[in-house]
Amino acid sequence: MNSDNFSVTAGRDGSRRFASEHDDRWVRGGGRSFERGGWRSRNNFGKFNKGFYGRGKARGRGRGNFRGGFQGPGPRSSSHQDEDGDTSMDGKEQPGAQNRFSPYTRPNRRGRIDRRFDQNRPSASDERSGLFQRLGLPVNTNRDHSWFRIMIPYGKKSGKDDLLKIFQTNLDVPFNPIDFHFEQMKAVFYVQDKTCADALYALSRKITLANGYKLVIIVVPSSPPYIPITDEDIDKLKLCMSKRYDPASKTLNLSNLYNDADLQAQNLRMALCSRQVMASVIKIIGDNIPELVALDVSDNNLSSLDHLAALTEKAPCVTKLNLGKNKLRNVEELDKIKGWALELLILEFSDRFKDQLSYISAVRQRFPKILKLDGHDIPPPITFDIESPTELPQIKGSFFAGSTEVQALIVKFVKDYFTVYDSDNRQGLLDAYHEQAMFSMSACYNGAIEFRQPSLKMYTEENRNLIQLNKKDLSQKNKLLKYGRIPIISKLCTLPQTTHDTNSFIVDVSHVSSSLLSFTVCGMFKEAEKRDHRSFIRWFTRSFLTVPYGQGMVITNDMLTIINASTEQAQKSFKHPAPTPNSSPVQEVSPATSSFETPTGLSQEQKQKMILSFVNDSGMNTECSQRCLEQNDWNYEKAGLMFLELKKQNKIPPEAFLK
Amino acid sequence: MTTFPEGVATKVDIAVQAGEEFYNLYYETFDKKRHLLAKLYMDTAKLVWNGNPADGKEAILKFFENLPSSEHKIDSLDCHPLIDQVSGGQMTIMVKTYGTVEFSKNKKRSFQQTFMLTSQNNKWMIVSDCMRFQE
Numbered sequence: 001m002n003s004d005n006f007s008v009t010a011g012r013d014g015s016r017r018f019a020s021e022h023d024d025r026w027v028r029g030g031g032r033s034f035e036r037g038g039w040r041s042r043n044n045f046g047k048f049n050k051g052f053y054g055r056g057k058a059r060g061r062g063r064g065n066f067r068g069g070f071q072g073p074g075p076r077s078s079s080h081q082d083e084d085g086d087t088s089m090d091g092k093e094q095p096g097a098q099n100r101f102s103p104y105t106r107p108n109r110r111g112r113i114d115r116r117f118d119q120n121r122p123s124a125s126d127e128r129s130g131l132f133q134r135l136g137l138p139v140n141t142n143r144d145h146s147w148f149r150i151m152i153p154y155g156k157k158s159g160k161d162d163l164l165k166i167f168q169t170n171l172d173v174p175f176n177p178i179d180f181h182f183e184q185m186k187a188v189f190y191v192q193d194k195t196c197a198d199a200l201y202a203l204s205r206k207i208t209l210a211n212g213y214k215l216v217i218i219v220v221p222s223s224p225p226y227i228p229i230t231d232e233d234i235d236k237l238k239l240c241m242s243k244r245y246d247p248a249s250k251t252l253n254l255s256n257l258y259n260d261a262d263l264q265a266q267n268l269r270m271a272l273c274s275r276q277v278m279a280s281v282i283k284i285i286g287d288n289i290p291e292l293v294a295l296d297v298s299d300n301n302l303s304s305l306d307h308l309a310a311l312t313e314k315a316p317c318v319t320k321l322n323l324g325k326n327k328l329r330n331v332e333e334l335d336k337i338k339g340w341a342l343e344l345l346i347l348e349f350s351d352r353f354k355d356q357l358s359y360i361s362a363v364r365q366r367f368p369k370i371l372k373l374d375g376h377d378i379p380p381p382i383t384f385d386i387e388s389p390t391e392l393p394q395i396k397g398s399f400f401a402g403s404t405e406v407q408a409l410i411v412k413f414v415k416d417y418f419t420v421y422d423s424d425n426r427q428g429l430l431d432a433y434h435e436q437a438m439f440s441m442s443a444c445y446n447g448a449i450e451f452r453q454p455s456l457k458m459y460t461e462e463n464r465n466l467i468q469l470n471k472k473d474l475s476q477k478n479k480l481l482k483y484g485r486i487p488i489i490s491k492l493c494t495l496p497q498t499t500h501d502t503n504s505f506i507v508d509v510s511h512v513s514s515s516l517l518s519f520t521v522c523g524m525f526k527e528a529e530k531r532d533h534r535s536f537i538r539w540f541t542r543s544f545l546t547v548p549y550g551q552g553m554v555i556t557n558d559m560l561t562i563i564n565a566s567t568e569q570a571q572k573s574f575k576h577p578a579p580t581p582n583s584s585p586v587q588e589v590s591p592a593t594s595s596f597e598t599p600t601g602l603s604q605e606q607k608q609k610m611i612l613s614f615v616n617d618s619g620m621n622t623e624c625s626q627r628c629l630e631q632n633d634w635n636y637e638k639a640g641l642m643f644l645e646l647k648k649q650n651k652i653p654p655e656a657f658l659k
Numbered sequence: 001m002t003t004f005p006e007g008v009a010t011k012v013d014i015a016v017q018a019g020e021e022f023y024n025l026y027y028e029t030f031d032k033k034r035h036l037l038a039k040l041y042m043d044t045a046k047l048v049w050n051g052n053p054a055d056g057k058e059a060i061l062k063f064f065e066n067l068p069s070s071e072h073k074i075d076s077l078d079c080h081p082l083i084d085q086v087s088g089g090q091m092t093i094m095v096k097t098y099g100t101v102e103f104s105k106n107k108k109r110s111f112q113q114t115f116m117l118t119s120q121n122n123k124w125m126i127v128s129d130c131m132r133f134q135e
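Order-wise, the sequence lines are chains A and B. Residues 1 to 659 in the UniProt record's numbering are what the first sequence spells out, letter by letter. Residues 1 to 135 in the UniProt record's numbering are what the second sequence spells out, letter by letter.
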């Protein structure tokens, strides 16, 4: 299900409305079957512009409905109907009306209108099903999976509390907003209830806000929202899965998981087609039953195998798979699970192929070892005895070039570096960089993910991805490479605030010599929540080139790349917020010897002198001068450079100069 | 706006140019004629592939030989020159790539790779190569 089923037009005020804007009328109106026919015809004619005849007729119907809309939901008195001449709407036994409309309405209903109807109409489903059946339309009674994304343009102006209060007071149906958040100025949340979605929609433009604007509410059907599943729910899911697992045959039956009685009894709905649920299921399988041989995921509304694909690695022994009763788009979906050497498959795709032979061949292309398809035996294929390597070498943890000395040095460095980097002031990193150091960053969408990814907009300006820049301005290449300590630090200070998950860190040392140490750190981090964007978990990889300096080392090259995390990564990270990198058994290096050289041991008197002289040189007041010196570890020259740089960028507030 | 001293600006240009040429050449060779990679690695080159080390050109080539067939797609590239103090005056660059790779047409994996390249007799040679999947 997706929003394609709607036709959206932009109103004059820039807001959007759906073609089905008369929704509320027939919901609240008399609720008689033919009124809907009339209303729908009207819209269809309007939309497709089928000519004057139809439109004129339909308009008459619309008017009738309009009245109905104000009369409330009860059955209408016949006198009103008579008066308006609208009785014909009521009875399907009126042959004239039916004849007039059928040539136009039928084809449209069969197409987009019908689907739209089915998804967006509210919950008076029994009655409606009756209508649909009478009209010979397909009835889909399985509406449980429907989610709706509700958007309030400029909702931020009203604020979350006010908006929710408005809804709670104006809705007469249970209102349970999920994942309420703001996307720029827009307030966004989800509801999983058609009645509620429709009631919200009916409310659009009915309420005037304090600022004089009408409250516009946009409702679109959507995929389930991204809500992290709680550990408690995962435990329940685990229990449910263990009941569905047969250890003797190593068979896991997840058929129709959404309607699982046990989960339902606990008020839990797990739709396997949702990315989070599938990821949790995969994790549970990987952790508990990686020996799985047979898997049944039939009847789960799966339209793609994107999310199931990750299981091919967690449970590599699966040879029997049931994908029946799903909504898989095409046979190419199987490419995503080619990692399994399937012998038995239930796919139920035979009607999509011209003959059985081409069906078998399409499946065998993906699974050469297939023996049974949809319950039928198929002859084994003839193969060659030579096989090219298919196994990847085992993926190992951090590599420190076999030297505990290097390991200790790097672990300490990484720990120090990211502690300062994650603090609210990154200026302390100044001493970590060489005079002629270079830094650049690039950000890139995760090429292995096929679904929608969080935006990387906040990095666009700094993005030195030479592949993308090629097409644009060449001078950017130089501009985005930061050279020298001050430009680097001021750049680092403008990047989003972060928290790194040091447990996720993996370090690879690629080059060690007496004059040079080169290594790459990979791991997870999340951005701090800010007013105009949400916090996302992302993957970073940072390649450092360092040279020895004093007791430690300084960075000469620093290349940062930021990539969106995969679902699995996001789930795994930030689980154990211990601040020590697990990349090393060498944990505690004496904290007294910092790898950054810092002049210490100044007396109070010397500090006072320094502050006074800084006040004179910078023109800032004593307090700000002191802070600047403190932040730069009482290095006068460094504090001065930092001051000049920040001043150049207009980042010093005017009150700093008030004495 | 960063302004480089003159010598640095030239080096940055050289690094960018070399990096752009290199990543096309390297991944195409890797995917289609892997045995020719021998010409790109120094005899003493070092490889760290997902935590597995290989020391010297021969070991690296042998390691690659045992990998399934591959298909790389590169989405991001960045290059830096090394400063003289580090490279000892010999033109050396770092190249960092990000992209996806499919081994034996299996699953698409996202990975990052960092190379150090140095010029020897006017040819770029790989000094070190460090590759890691995103997982």
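Hints were generated in silico from the structure; no laboratory data involved. Because the structure is a prediction, the values reported are computed rather than measured. One or more of the hints may lead you astray.
Not everything, but these chain A residues come out facing chain B in the computed CB check (under 8 angstroms) [claimed, not checked]:
| id | residue |
| --- | --- |
| 1 | 184 |
| 2 | 514 |
| 3 | 541 |
| 4 | 561 |
Where is the CB? At the ideal position from N, CA and C, for every residue including glycine.
How the hints compare with the structure:
1. 184: Not OK, violated: residue 184/A not within 8 angstroms of chain B, min 26 angstroms.
2. 514: violated, 12 angstroms
3. 541: Where the cut-off is 8 angstroms and the nearest Cβ of chain B is about 4 angstroms from residue 541/A, the hint holds.
4. 561: Check passed: Cβ of residue 561/A comes within 5 angstroms of chain B, closer than 8 angstroms.
Figure legend: structure checked against the earlier numbered hints; hints not met, in rising order: 1 and 2.
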